[in-house]
Structure formats: C-alpha cells, structure tokens
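In case you want the letters, here they are:
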Amino acid sequence: EPEVTQTPSHQVTQMGQEVILRCVPISNHLYFYWYRQILGQKVEFLVSFYNNEISEKSEIFDDQFSVERPDGSNFTLKIRSTKLEDSAMYFCASSEAQERSPYEQYFGPGTRLTVT
Amino acid sequence: RKEVEQDPGPFNVPEGATVAFNCTYSNSASQSFFWYRQDCRKEPKLLMSVYSSGNEDGRFTAQLNRASQYISLLIRDSKLSDSATYLCVVIDYKLSFGAGTTVTVRA
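These protein sequence lines are chains F and C, in that order. Under my numbering, think of the first position of the first sequence as 1, with each following residue one higher. Under my numbering, think of the first position of the second sequence as 1001, with each following residue one higher.
In isolation and in its complexed conformation, chain F is listed as follows (with noise of 0.2 Å):
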C-alpha cells in the first residue's frame, strides 16, 4: 500500500538554526500539507500546497516557514531561525484530486523536531 514517508524521524537543533524537513507524498497524489502538534496538543494545519503554489495557510505559518517541491516527488518545510516553540512533531499528509476524494488526507509517520 503505498504511503507518504517523512525524513528525518526525529531532528535536534539549537535555537536560530535553520531546518528543512522532507517529505515524500504518494506518488498520484496533488495536494500536499503541514501540519504541526505540540506534545499533549491538537493536530494543527499548517500549510496546503497544489499546482506549486500555496493554497492555503494559516496563522500559525509566518515568514520563517516555506514550502517547496524542489522535484516531483519531495515537499520540503523549511524553518528559517527556529525558536523553542518551534518543538513539535511535524506531520506531511497528501490527498488525491479534490474532485475524486475530497480532503482523505493521508498523513506520513512524522518527524519529531527538539529545539534547544
């Protein structure tokens, strides 16, 4: 079955540094996502992507993140100065086309970011 895949599983950086984290979506899929959940909290949305632009994205998404999908298969989130409160694990989910399978997002296993 096929599934979206993040790397790296678990990321250790000091604060200021700049991360990327990488995800792999499933292959047909053409909407892509963030999303973010401090430990002990609710899942919550950061960025949607389709046709290599952003489509939406919230509060929480300011001008140190961005996002790219420097080939056809990877989608990358970017953190420019990381703070402390950047520690959270980060979650990539994809979708099919919204026509067939409106928003069945498909999550990757995630990847635990630790600012320090």
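Hints listed in this document are in silico derivations from the structure and should not be mistaken for laboratory results. The beta-carbon is built from N, C-alpha and C at its ideal position, and this holds for glycine as well. Misleading hints may appear alongside valid ones.
Said to hold, decoys possible - Okay, derived cross-link-like pairs now, DSS-like style, lysine-lysine, Cα gap no bigger than 27 Å in a straight line: (1) C/K1042 - F/K78; (2) F/K57 - C/K1002; (3) C/K1079 - F/K57; (4) C/K1079 - F/K42; (5) C/K1042 - F/K42.
Unchecked claim - Chain C is nowhere near these chain F residues, computed Cβ spacing over 10 Å in every case: (6) V12; (7) I26; (8) N28; (9) Q41; (10) K42; (11) E44; (12) S48; (13) Y50; (14) I54; (15) P70; (16) R80; (17) S81; (18) Q105; (19) G110.
Stated by the list, open to error - Away from chain F, derived, C-beta distances all over 12 Å, residues of chain C: (20) T1018; (21) S1028; (22) S1032; (23) R1041; (24) P1044; (25) S1049; (26) E1056; (27) R1059; (28) S1068; (29) L1080; (30) A1099.
Given the coordinates of chain F, assemble chain C onto it according to the supplied hints.
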C-alpha cells in the same frame, strides 16, 4: 467558541461494549467531515468520512447532524485494538482538528 470541540474523555469501556461520542463544530458552512484515529505519538490515520446520510464501516458508525452542528462516532463490540484517540476533522475554508477523544478498551 472553539471551531471544533470534542469531549476529551477518557472513555474507559470493557471489551465488547458500545461507546459513542460527539464532536461539535462552529461553522455552519463546513463542508466535509472525517474521523481519524491517532495512537500515542503516531500519525493520524483516516478512519472514515462522514456523509450526510450517515455511514457505517464494520463496527463503526458515523452520523452528521447539520442542524445541531455535530458529528458522532459509535463503536460497537469494541476491541482492545480500538484503544486510541479519535480526532474529529472539519473542513470549511481550512482544515480544523478537534483535540481528540481518548478511548481505552479494557479486557
């Protein structure tokens, strides 16, 4: 009022019992609804979509009540493996997750 609200539980039930819980949403224009389950420190996994007419998938039944703006999930004949946190997801112009309802099934 929060966009999506769930009773956090926990619901502690014996194997074989039926357990049901709701999720309320604030935006009457919300278009799509889903239930996901999340095991401890793992990714959310799609459990089922929720359709206007209600739908069933094995032991799981989901209902949507647009007038009262809530969705429900009912689990029949609960198994130990049903122990998880169940996340309500509501779509309007963005995706909103509830904080989850924790279900623990005991032997």
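Hint numbers contradicted by this structure
Of the numbered hints, 3, 9, 10, 11, 12, 18, 19, 22, 23, 24, 25, 30 do not hold.
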